[in-house]
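Participant: The chain contents come next:
There are 2 protein chains.
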Amino acid sequence: MRARSKIWIEKNKKLIFGEGKSEIFKAIQEHKSINKAAKSMGVSFRHAWSYINEIEKRLGVHLVDRSKGGKGGGGSHLTEYAVELMKRFDRLKNEVDKYTDKKAKEVFGGWKNMRY
Amino acid sequence: MRARSKIWIEKNKKLIFGEGKSEIFKAIQEHKSINKAAKSMGVSFRHAWSYINEIEKRLGVHLVDRSKGGKGGGGSHLTEYAVELMKRFDRLKNEVDKYTDKKAKEVFGGWKNMRY
Numbered sequence: 001m002r003a004r005s006k007i008w009i010e011k012n013k014k015l016i017f018g019e020g021k022s023e024i025f026k027a028i029q030e031h032k033s034i035n036k037a038a039k040s041m042g043v044s045f046r047h048a049w050s051y052i053n054e055i056e057k058r059l060g061v062h063l064v065d066r067s068k069g070g071k072g073g074g075g076s077h078l079t080e081y082a083v084e085l086m087k088r089f090d091r092l093k094n095e096v097d098k099y100t101d102k103k104a105k106e107v108f109g110g111w112k113n114m115r116y
Numbered sequence: 001m002r003a004r005s006k007i008w009i010e011k012n013k014k015l016i017f018g019e020g021k022s023e024i025f026k027a028i029q030e031h032k033s034i035n036k037a038a039k040s041m042g043v044s045f046r047h048a049w050s051y052i053n054e055i056e057k058r059l060g061v062h063l064v065d066r067s068k069g070g071k072g073g074g075g076s077h078l079t080e081y082a083v084e085l086m087k088r089f090d091r092l093k094n095e096v097d098k099y100t101d102k103k104a105k106e107v108f109g110g111w112k113n114m115r116y
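Chains A and B, in that order, give the protein sequences.
Here the first sequence is numbered in the working numbering, starting from 1 and rising by one per residue.
Here the second sequence is numbered in the working numbering, starting from 1 and rising by one per residue.
Keep in mind the hints are simulated off the structure, nothing from the lab.
One thing to keep in mind: the hints can contain errors.
If several chains are the same, the list does not tell them apart, and a pair holds so long as it fits within one copy or across any two.
[Stated by the list, open to error] DSS-like, lysine-lysine: derived pairs with alpha carbons at most 27 Å apart:
#	residue 1	residue 2
1	Lys26	Lys39
2	Lys13	Lys36
3	Lys6	Lys26
4	Lys57	Lys87
5	Lys39	Lys21
6	Lys32	Lys102
7	Lys105	Lys26
8	Lys6	Lys105
9	Lys32	Lys103
10	Lys32	Lys98
11	Lys14	Lys87
12	Lys32	Lys112
13	Lys26	Lys112
14	Lys13	Lys98
15	Lys87	Lys112
16	Lys26	Lys103
17	Lys36	Lys105
18	Lys57	Lys14
19	Lys13	Lys112
20	Lys112	Lys36
21	Lys39	Lys102
22	Lys112	Lys39
23	Lys32	Lys105
24	Lys98	Lys39
25	Lys6	Lys57
26	Lys103	Lys39
27	Lys32	Lys13
28	Lys57	Lys26
29	Lys36	Lys103
30	Lys105	Lys21
Okay, chain A solo, but in the shape it has when bound:
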């Protein structure tokens, strides 16, 4: 038996950031390209792009810097804000995971055949 948890951030009841979104950010950080990031995750470029635009609008901040063309071709990288958002979200997620596990042991541990 194991208690699992999932968290996400909402603003005006709309999703701002969650575990799936965090994956997109991580992939952009790694690949330095929205296109490659989207491919690595098996989602369309359109999907990744529109998500980023949507959240930038909702938060009123820049999350990804896009540079076009140039000798080495274009590239994208996360803004400082996006990196910090990702870090803080991960920190919150880790804390909630640990707490859920600890609390579940208290709530279910030793109860009948739950063998938590």
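For chain A, the structure is supplied; the task is to place chain B on it using the hints.
Facilitator: Relative to chain A, chain B alone:
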């Protein structure tokens, strides 16, 4: 901005109990009938019934007592075990919700324009 959380219980990586399942249990408790409970939730009797059977098998316990026929017709009610499972799950859910909110204020509060 608000951090939201969701929890569920797994056994051998399979879902045992979660927020949707808890709703089915509550509806059975209220309607004293799997059929009426399913209707009230807009799911099929088959769906509710097979979920209950599945979880009973996975946990190796009885969750719902079904009585058939008789003067007042049949009826179903939760076993003591199921009532206790529901209560403990709700307790864990409340604690995790409170913790997520508190921790999110710590993690995001006062950070740039997050206005948590």
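Participant: Given a CA cutoff of 27 Å, do Lys112 and Lys36 count as a within-copy pair, a between-copy pair, both, or neither?
Facilitator: For Lys112 and Lys36, neither the intra-copy (50 Å) nor the inter-copy (30 Å) Cα distance is at most 27 Å.
Participant: With identical chains, the pair Lys26 and Lys112 could be close in the same copy or across copies; at 27 Å between alpha carbons, which is it: within, between, both, or neither?
Facilitator: Between. Shortest inter-copy distance 21 Å satisfies the 27 Å Cα cut-off; intra-copy 42 Å does not.
Participant: Since the copies are identical, ignore which copy is meant and state whether Lys32 and Lys102 lie within 27 Å (CA to CA) inside a copy, between copies, both or neither.
Facilitator: neither (38 Å within a copy, 34 Å between copies)
Participant: Given a CA cutoff of 27 Å, do Lys26 and Lys103 count as a within-copy pair, a between-copy pair, both, or neither?
Facilitator: Answer is between: at 23 Å across copies they meet the 27 Å cutoff, but 30 Å inside does not.
Participant: Go through the copies and call it for Lys6 and Lys105: within, between, both or neither, with a Cα cutoff of 27 Å.
Facilitator: both (18 Å within a copy, 17 Å between copies)
Participant: Checking Lys6 and Lys57: alpha-carbon separation at most 27 Å within a copy, between copies, both or neither?
Facilitator: Both. Shortest intra-copy (24 Å) and inter-copy (26 Å) distances satisfy the 27 Å Cα cut-off.
Participant: Within a copy, between copies, both or neither: which one fits Lys105 and Lys21 at a CA-CA cutoff of 27 Å?
Facilitator: between (30 Å within a copy, 20 Å between copies)
Participant: Within, between, both or neither: how does the pair Lys112, Lys39 come out at a Cα-Cα threshold of 27 Å?
Facilitator: neither (47 Å within a copy, 32 Å between copies)
Participant: Could you place Lys32 and Lys13 in one of the four classes (within, between, both, neither) given a Cα distance threshold of 27 Å?
Facilitator: neither (31 Å within a copy, 34 Å between copies)
Participant: One pair to classify: Lys57 and Lys14, alpha carbons no more than 27 Å apart. Within, between, both, or neither?
Facilitator: Intra 12 Å, inter 38 Å, cutoff 27 Å: intra-copy only.
Participant: 27 Å Cα cut-off: does Lys103 pair with Lys39 within a copy, between copies, both or neither?
Facilitator: neither (38 Å within a copy, 34 Å between copies)
Participant: How would you label the pair Lys36, Lys103 (within, between, both, or neither) given a Cα cut-off of 27 Å?
Facilitator: neither (40 Å within a copy, 34 Å between copies)
In this structure, the earlier hints numbered 2, 6, 9, 10, 17, 20, 21, 22, 23, 24, 26, 27 and 29 are contradicted, and the remaining ones agree with it.
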